[in-house]
Amino acid sequence: MRSNPKQWKKDFGQNGYLVVEDVVDPETLGALRAAVDDITSDPDALSPYLRNYVQMERDYVRQQPEYNELNSDQLGNAVRNIMELPLFDPQFADFIVFPPVLDVLEALFESTEFHFHNYKCIVKAARVSSAFRWHRDLPYLEHSTPNLITAMVCLDPMTVENGATVVLPGSHRIPHEAVLPQDAEIKEAALPGDFERVTVTCPAGSLVAFDVSIIHGGGQNRSAAPRRNVVGIWSGPDTYPVTGARYVYHGLYPRSQDPARQQQMQLSFPHLFDAPSRARLDFSHTANAPAGDIEAIKSDQLDG
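Counting from 193, one number per residue, gives the positions in the sequence shown under my numbering.
Among the hints, erroneous ones may be present.
Claimed, not checked - The calculated label-pair distances, taken between Cβ atoms and stated as ranges, are:
1. S239 <-> Y259: 41 to 49 Å
2. Y259 <-> A417: 18 to 26 Å
3. V390 <-> A452: 23 to 31 Å
4. G268 <-> S239: 15 to 23 Å
5. A223 <-> D466: 17 to 25 Å
6. Y259 <-> P384: 39 to 47 Å
7. Q374 <-> D466: 23 to 31 Å
8. P384 <-> S239: 39 to 47 Å
No lab work stands behind these hints, which were simulated from the structure alone. Built from N, CA and C at the ideal position, the CB exists for glycine as well.
Using the sequences and the accompanying hints, generate a full structural model.
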């Protein structure tokens, strides 16, 4: 990954999204793909507790048939969404503190005091996946300020053929109070006509960061390969949830300079501190800038 924090911040502010390639190395990518495959290969073999966090494509199509010309009987056991990803494999929990991702987030927030909200995996299954509706992320996140970032790590290449995310650059420049609850689902006819549509294509291992007010969606996947993305929501300084929904590892500050928060990290990930050669949680660096409830979780299932 080529580090360019100032340019990242400039591009993100101007466009409302940012693509950084080569954020995740091939070895880590392979491990994450294998862990996702373990879930999607036979979701019905999961424990009932974990199975609750897996949304099937067929169930979505029964509720939203307009996003797929296939009917639910044609979709087999295709998975659409995996919530609470860190519960399924320790690798997903450790990925919360993956340094290159944190480097990008620290640059965009211009602070070390950002914190983790949740991780999920969006799966666009080969040949059968539905489109993702147009939406902004902010309405369903329900925080005290809009200073949040959606950080999507591409486990596979994103292409036009496999349903790459489509964004409306500039649509994030909107007052907080002007983002409405109905912006969680925006019909085609209601899209603002003064923004270009950009299909975000990038290689596997890329990080795509979104301002949570940008309008985006995604097409179907009719290619022969899946498109899988680990999607994290991150909260900026002094930005807190205002509902009762909480998630696994919610509220951890991986880069904080506060001793109490550093201790929380050490107690949450003791194995990462016990191995001196793995400097994955090094708090000695300087900041770039100046000094749940299952049903609630299941409702948090957007991002295309």
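Hint by hint, work out which the structure violates, then give me just those numbers in ascending order.
Numbers 1, 3, 6 and 7, in rising order.
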